[in-house]
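Just so you know, the protein sequences line up as chains A and B, in that order.
The opening residue of the first sequence carries number 6 in our numbering; numbering runs sequentially from there.
The opening residue of the second sequence carries number 6 in our numbering; numbering runs sequentially from there.
Don't take every hint at face value.
Any copy, or any two copies together, can satisfy a pair, since identical chains are not distinguished.
To be verified - Distance condition first, Cα-Cα at most 30 Å in a straight line; then the derived DSS-like pairs of lysine-lysine:
#, residue 1, residue 2
1, Lys292, Lys407
2, Lys221, Lys260
3, Lys144, Lys217
4, Lys30, Lys250
5, Lys373, Lys407
6, Lys347, Lys395
7, Lys373, Lys132
8, Lys92, Lys266
9, Lys92, Lys373
10, Lys73, Lys267
11, Lys30, Lys217
12, Lys144, Lys266
For the record, the hints were derived by calculation from the structure and aren't laboratory data.
Protein chains: 2
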Amino acid sequence: MINLSKKIDSIKGFSVSVTSVGIKKHGRPDLALLDCYSPSRLAGVFTSNSLPAAPVTVCRDNLVNLSKPSRLALIINSGCANACTGKDGLIDCLRVSDSVASALNIERKSVFPFSTGVILERLPVEKMLLSIDDLAGNKNRSASWRDLATAIMTTDSFPKFISKQIVLSGRIVNILGIAKGSGMIHPNMATMLAFILTDVELSFQDLQLLVKDTVKVSFNSISVDGDMSTNDSFVAISNSMSGIKVSSSSLSEKKDWNIFKKNFMQIGLELAELIVSDGEGATKLIKIEISGAVSYEEACRVGESVSNSPLVKTAFFAGDPNLGRILSAIGASEIEGLDLNKINVSINDYLVIQSGLLARDYSEIKAKNLMSLEEINLSIDLGRGKACGKYMTCDLSYDYIKINAEYRS
Amino acid sequence: MINLSKKIDSIKGFSVSVTSVGIKKHGRPDLALLDCYSPSRLAGVFTSNSLPAAPVTVCRDNLVNLSKPSRLALIINSGCANACTGKDGLIDCLRVSDSVASALNIERKSVFPFSTGVILERLPVEKMLLSIDDLAGNKNRSASWRDLATAIMTTDSFPKFISKQIVLSGRIVNILGIAKGSGMIHPNMATMLAFILTDVELSFQDLQLLVKDTVKVSFNSISVDGDMSTNDSFVAISNSMSGIKVSSSSLSEKKDWNIFKKNFMQIGLELAELIVSDGEGATKLIKIEISGAVSYEEACRVGESVSNSPLVKTAFFAGDPNLGRILSAIGASEIEGLDLNKINVSINDYLVIQSGLLARDYSEIKAKNLMSLEEINLSIDLGRGKACGKYMTCDLSYDYIKINAEYRS
Chain A
6 MINLSKKIDS
16 IKGFSVSVTS
26 VGIKKHGRPD
36 LALLDCYSPS
46 RLAGVFTSNS
56 LPAAPVTVCR
66 DNLVNLSKPS
76 RLALIINSGC
86 ANACTGKDGL
96 IDCLRVSDSV
106 ASALNIERKS
116 VFPFSTGVIL
126 ERLPVEKMLL
136 SIDDLAGNKN
146 RSASWRDLAT
156 AIMTTDSFPK
166 FISKQIVLSG
176 RIVNILGIAK
186 GSGMIHPNMA
196 TMLAFILTDV
206 ELSFQDLQLL
216 VKDTVKVSFN
226 SISVDGDMST
236 NDSFVAISNS
246 MSGIKVSSSS
256 LSEKKDWNIF
266 KKNFMQIGLE
276 LAELIVSDGE
286 GATKLIKIEI
296 SGAVSYEEAC
306 RVGESVSNSP
316 LVKTAFFAGD
326 PNLGRILSAI
336 GASEIEGLDL
346 NKINVSINDY
356 LVIQSGLLAR
366 DYSEIKAKNL
376 MSLEEINLSI
386 DLGRGKACGK
396 YMTCDLSYDY
406 IKINAEYRS
Chain B
6 MINLSKKIDS
16 IKGFSVSVTS
26 VGIKKHGRPD
36 LALLDCYSPS
46 RLAGVFTSNS
56 LPAAPVTVCR
66 DNLVNLSKPS
76 RLALIINSGC
86 ANACTGKDGL
96 IDCLRVSDSV
106 ASALNIERKS
116 VFPFSTGVIL
126 ERLPVEKMLL
136 SIDDLAGNKN
146 RSASWRDLAT
156 AIMTTDSFPK
166 FISKQIVLSG
176 RIVNILGIAK
186 GSGMIHPNMA
196 TMLAFILTDV
206 ELSFQDLQLL
216 VKDTVKVSFN
226 SISVDGDMST
236 NDSFVAISNS
246 MSGIKVSSSS
256 LSEKKDWNIF
266 KKNFMQIGLE
276 LAELIVSDGE
286 GATKLIKIEI
296 SGAVSYEEAC
306 RVGESVSNSP
316 LVKTAFFAGD
326 PNLGRILSAI
336 GASEIEGLDL
346 NKINVSINDY
356 LVIQSGLLAR
366 DYSEIKAKNL
376 MSLEEINLSI
386 DLGRGKACGK
396 YMTCDLSYDY
406 IKINAEYRS
């Protein structure tokens, strides 16, 4: 494998158009159409919130009917979540989908809608409908991935997209990831919206497998504020434009599958990292590695507890090595038989807690300096077993309050 | 029953002494002795954190050996939690207990130690030992309940104590509650320390029953920041100085038992309310009533989810009726089959969400005005069943960050 690490300008079979219909203020772009015009497959996972937004309901329904590769379209708006809008919200969503379907001459069930923004508000459907023919028209297909990533932003401070070219069986293939999210980030589907596109041909089962495996180590392993949204969606779309097919079940394609899977998951992980580092008000990215756990689940429980602790997060914001808060958050995971004497904690490879106590040569000044860095690696060894897990979180600052107290104003 | 609502100056059989040994800065009181010199019973519940502080371990051990009413003592320090201090921390705790036991001429297992403050730091045992004879000496027993409540404060902005006199079978009996807590407040044992004392005679089983029933509706139903401490302890102590005995199992004492239980639980609830209203940086107390749930557990799940949502809490801080966040937090409780169309939400009896949508005559200005009050009643009707539950939380403000970023400095 050669990782070309090139920024992709385009992937064959996908085209983007973007506009502003006035959902967001100041004429900022807020509506995007992704036309997957080459026959494509789509797999996805969605929020487990019991009050899912209308577009989540529509996407789930569409997925059930998706039997073979076909022309698909994603219509994505920001500024309004179309969540908690009841039957009317569902009708709004379907009207927009219908309009896209009609403009592209495809079936409505091939149109996947996504919304992000304020909950409980209705979509300005009439305004949106007026723009859809333009979005679908050929002359507007020149938008870039950056434009798409920008159009789906809400409180995000920068657009989030990552692309990769890799070589499989001698041919260049493309993987592209786009995401939005900086608040309402909880370890259970921790993003508002994320999309990964590729021109590598995959079965629906393999695409679904990739989505599930990726979400586990990326979007389900990050925390900004412990809130879970009504609109969380992560979908992957593949066409066959690279001429390369990979499969988890074919022996001859196994090597390519492994390479592809690794890179696909890496894109998910990097998108998750971008989301956390753009966490509302975040000044620091904190990567947490838990080792010495009895099981992967146990490692995750500890990671989630530490990631979600406002007291740990404010200590990181202050650059204050109040290490007791980290130990307390580990204990708050309520693991039976946890033994303090076996716990080691390091910050950027500097041992701070050794066998449950301050390390012998511990220096508060050194710990303080390490905690003042913008990226911090927190390693927690539970000393119980061989399982590991990873989590990512950010610090909790004044700006989190500012952003969320002023969100609608 | 006549509720005399008098502030109690003293309860026979209990005496308090308080001093400052320099654990907290600026000579603030940080060590208190509560001598339960009349034969007493004690019951308690403690943190479920897997790394409990040394005093929690000692209290639990002592409880096992507590067979009959005897002279008991509580030694409580603030400023240092004696948590995550390993074997040495346990020895520190036992040395302090030994010293109290020796000064009062009682057994060590009759001394119950409590600590609250910074985790991972060692107790200044030598300094504490020097003060214990003074604390135990007769001339220092003049401290008030306010003094005790003040000595156990950490980030609390005011001392928390409530007292009640009620009449049972023609005699006046006393109940007194003292608590500390304003951060690290999670719905699972949501307090650092709370004590309820009474001069009504009770069996150990009844005292334990009162503690468990009280904690359920009070300290386990409040949330400030979703953090759970290493030191959470709630204990109740009863002697027989009022000459009144109540029992849950005796027919003749049933009426008195019911009156007493109601008042005892009320003290717990009011202490919990004081803790939430003193939540770190809190500007508003939010009382949440969940009705129309299928079960009490379901109501609590919704209450916990709404109470813990930073986005709901920042909206309340801003006085911004961003009601979608409340619905989203309800949905985040992941209740199967939850129907948005059946959900009603009121703020101080003003219907804001009707059948899942903005109420017909909803006025944003009116909602904003109601959300600007210092005490807010949020009613959530799930429209599914007959069960109810209550929760309390506070808003999330800049000062939460300030207090916790600067805690050790």
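Going through the hints against the structure:
no.	hint	in the structure
1	Lys292 with Lys407	both (25 Å within a copy, 24 Å between copies)
2	Lys221 with Lys260	within (22 Å within a copy, 56 Å between copies)
3	Lys144 with Lys217	neither (36 Å within a copy, 69 Å between copies)
4	Lys30 with Lys250	neither (44 Å within a copy, 68 Å between copies)
5	Lys373 with Lys407	both (26 Å within a copy, 18 Å between copies)
6	Lys347 with Lys395	within (19 Å within a copy, 40 Å between copies)
7	Lys373 with Lys132	between (53 Å within a copy, 29 Å between copies)
8	Lys92 with Lys266	neither (39 Å within a copy, 47 Å between copies)
9	Lys92 with Lys373	between (53 Å within a copy, 27 Å between copies)
10	Lys73 with Lys267	within (25 Å within a copy, 65 Å between copies)
11	Lys30 with Lys217	neither (35 Å within a copy, 52 Å between copies)
12	Lys144 with Lys266	neither (35 Å within a copy, 76 Å between copies)
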